[in-house]
Structure formats: C-alpha cells, structure tokens
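Engineer: Sequence:
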Amino acid sequence: MNDNHNSFEKSDEMRRYEKETGRYAIWRGVVTEGFRKWQKGEKVYHRDKERVSLYVSDETKSKWLDFTKNNGELTISKLIREAVAAFIESKSNGPQHRLSKLNPQTISNISHTLKEPLTSIKGYSQLLLENYREKLNGQVLETVKNIFEQSILLEKKIINILDNIKVESEYDVLLIEDDLATIRLITSYFESKGFKCKGVASGSKGLEELGNTIPKLILLDIILPDLSGYDICKTIKSDKEWTNIPVYFLTAIAGSEVEKNLGGTKVDGYILKPFNFSDFEIIFDILNKN
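In my numbering, the protein residues as written are 154 to 443.
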C-alpha cells in the first residue's frame, strides 16, 4: 500500500497502532519512535496532547544540566508541566484564598498597619472640608475632596479583603476543659480518628482562641475555673461569627440538671462523663459533613 507519508507495506500490527493512537507507524519511509515504544508496551500519547518546543541559550542549558545533576532527574518537559499546573492553580485562587492561609495575627497586623495612616489622611481631609471649605480655592478644594473620597474607597477595600477573611482553622475541634487528663485523652482519641483537637483549660482562653480561628465543633465543659459553660455557650451562639459552630457540653453534671439549664444556651447537645467513645459518633458525623 502506498500513500503520501509511506512507501512501505504496513503490517497488521502497524495498522492497529495507527487506528488506536491516530499516529503514523511509518513516516517518510522510517518506522516511527512512537510505534517502537507502543510495541514495547510503553505509554504513547494520543493527539489530544501537543509537543511544546523550548529554545534556550547554551548558558541556560548548561545551568539546567548542572541543576539536574545536583537535584536528581528532572526533564524540561516535566518542569513545564509542573509550572503550568502551578500557574493555573495560582490564578484559580483569588487573593482572599491565599490570605486565608496566613496566621490570623499576621492579617490583623497588616490591617492595623494600613488603617493607622489611613485614619489620619481621612480625618485631616475631612477636617479641611468641614472647617476650611470657604478658605480653599477651587483647585485645592477639589484635590482635598478627591483625597477624602479615595481614602473612603481604600478603607472599604481593606474591610472587604482583610477584615472578612475566613482564616483556615489549624484544628477541627476546640475542647474547653479544665481537667488536663481529659484533654490529653480526648485529643489523642480524635487524632487516632484523623482529626485535630486543641484543648484549653479555661473559658476565657476558649473565647480568646475563637478570636483567632474558627473550629468545626466545640466541646465545652460546664464547670470551669473562671466562667460557666452555660454562659460561654450563650456568648458563642449570640455572636454572628460563631453562631453556626456546633457546641456540645461535655460534663459530669447529672443529665437532669443539664436539661434544666439548657434554655437560652442554644447548645446543640451534650455528652455526660464518664463517657463511652461510642457517645462521640454524633460528633464524627458532624465533622465528616464539614
């Protein structure tokens, strides 16, 4: 059989290769490398992939070869694939997604650093407009008005970007419990199930922790050295940032007594001590859904 790319008779194996891959088995009278690889059982890319050529200087090539000697085998094509994938991922994630990975204190510091000078700029420009408007000539007045308006726009951007960032939690469960042995036990148990748990030994520390990060769920002792678990739960459920966090009491108080005091706490449930680990099934159901 003759055609424009091949003057040799093709074997049945060659025809099958061309049908499966959409590539030539023979090109300009020479058996193709793709066909040879296919015969050996190696992966052959189909035509939905394109070869990308890259031209570099001898100096760059030399540096690349030296780099691969010190860092193991890494081809240019692999580098391009990884770079393209990283670029696409970075463009898919907006600035708020990247900022959400920062430490909460870092975000707070950035916000504070930007707002401090902005307060003076906005305040002085507003003061000039309110008290000295009649004394300013037209051009200066327009300039001051523009400064004031731009400061308001910048303030809104800071609030929209920095102050509304949902910081990714470093753990799944916040345990507010004053007994250190119980903290160690529950923390180890959650870790054995693939979840991270952070324990704090007082109510005030628990509320402070919530100011830094939002957990998926809170386990809360009722009798604590500083605050009542009932009051802490009310505080959490009345705060717009925390109200949707599931809260479960973990207490040695009798169940009947707990029931009497649930009104107004909006708690999601409770687990009594001494507990069985099977009591935590509902907790894991919530964690897995989140």
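I should point out that these hints are in silico values taken from the structure, not numbers from a laboratory. Bear in mind that the values here come from a model prediction, so they are computed numbers and not experimental data. Check before you lean on any hint, since a few could be wrong.
The calculated EDC-like cross-link candidates involving lysine to aspartate or glutamate, where the alpha carbons are at most 16 Å apart (straight line), are [claimed, not checked]:
#1 K275 x D325
#2 K346 x E287
#3 K351 x E361
#4 K426 x E410
#5 K369 x D332
#6 K369 x E323
#7 K426 x D331
#8 K426 x E344
#9 K351 x D325
#10 K349 x D379
#11 K346 x E434
#12 K419 x D438
#13 K393 x E410
#14 K190 x D211
#15 K358 x D379
#16 K426 x E412
#17 K358 x D384
#18 K390 x D421
#19 K163 x E195
#20 K163 x E173
#21 K393 x D432
#22 K351 x E323
#23 K346 x D438
#24 K298 x E287
What follows is a list of derived Cβ distance ranges for each label pair [stated by the list, open to error]:
#25 K310 x K216: 37 to 43 Å
#26 K172 x V209: 34 to 40 Å
#27 L338 x V209: 55 to 61 Å
#28 E269 x E323: 25 to 31 Å
#29 V237 x Q303: 18 to 24 Å
#30 E269 x E361: 19 to 25 Å
#31 K442 x E323: 56 to 62 Å
#32 Y277 x L338: 30 to 36 Å
#33 L333 x N397: 27 to 33 Å
#34 T213 x K298: 18 to 24 Å
#35 E269 x S431: 51 to 57 Å
#36 A238 x N284: 36 to 42 Å
Note that CB positions come from ideal geometry on N, CA and C, so glycine has one too.
Engineer: It remains to establish, for every hint, whether it holds in the given structure.
Structural biologist: Evaluation of the provided hints:
{"no.": "1", "hint": "K275 x D325", "result": "41 Å, violated"}
{"no.": "2", "hint": "K346 x E287", "result": "71 Å, violated"}
{"no.": "3", "hint": "K351 x E361", "result": "13 Å, holds"}
{"no.": "4", "hint": "K426 x E410", "result": "13 Å, holds"}
{"no.": "5", "hint": "K369 x D332", "result": "22 Å, violated"}
{"no.": "6", "hint": "K369 x E323", "result": "10 Å, holds"}
{"no.": "7", "hint": "K426 x D331", "result": "14 Å, holds"}
{"no.": "8", "hint": "K426 x E344", "result": "20 Å, violated"}
{"no.": "9", "hint": "K351 x D325", "result": "8 Å, holds"}
{"no.": "10", "hint": "K349 x D379", "result": "25 Å, violated"}
{"no.": "11", "hint": "K346 x E434", "result": "11 Å, holds"}
{"no.": "12", "hint": "K419 x D438", "result": "19 Å, violated"}
{"no.": "13", "hint": "K393 x E410", "result": "28 Å, violated"}
{"no.": "14", "hint": "K190 x D211", "result": "30 Å, violated"}
{"no.": "15", "hint": "K358 x D379", "result": "10 Å, holds"}
{"no.": "16", "hint": "K426 x E412", "result": "15 Å, holds"}
{"no.": "17", "hint": "K358 x D384", "result": "14 Å, holds"}
{"no.": "18", "hint": "K390 x D421", "result": "10 Å, holds"}
{"no.": "19", "hint": "K163 x E195", "result": "21 Å, violated"}
{"no.": "20", "hint": "K163 x E173", "result": "15 Å, holds"}
{"no.": "21", "hint": "K393 x D432", "result": "29 Å, violated"}
{"no.": "22", "hint": "K351 x E323", "result": "9 Å, holds"}
{"no.": "23", "hint": "K346 x D438", "result": "12 Å, holds"}
{"no.": "24", "hint": "K298 x E287", "result": "13 Å, holds"}
{"no.": "25", "hint": "K310 x K216: 37 to 43 Å", "result": "41 Å, holds"}
{"no.": "26", "hint": "K172 x V209: 34 to 40 Å", "result": "37 Å, holds"}
{"no.": "27", "hint": "L338 x V209: 55 to 61 Å", "result": "59 Å, holds"}
{"no.": "28", "hint": "E269 x E323: 25 to 31 Å", "result": "28 Å, holds"}
{"no.": "29", "hint": "V237 x Q303: 18 to 24 Å", "result": "38 Å, violated"}
{"no.": "30", "hint": "E269 x E361: 19 to 25 Å", "result": "24 Å, holds"}
{"no.": "31", "hint": "K442 x E323: 56 to 62 Å", "result": "20 Å, violated"}
{"no.": "32", "hint": "Y277 x L338: 30 to 36 Å", "result": "58 Å, violated"}
{"no.": "33", "hint": "L333 x N397: 27 to 33 Å", "result": "29 Å, holds"}
{"no.": "34", "hint": "T213 x K298: 18 to 24 Å", "result": "53 Å, violated"}
{"no.": "35", "hint": "E269 x S431: 51 to 57 Å", "result": "53 Å, holds"}
{"no.": "36", "hint": "A238 x N284: 36 to 42 Å", "result": "58 Å, violated"}
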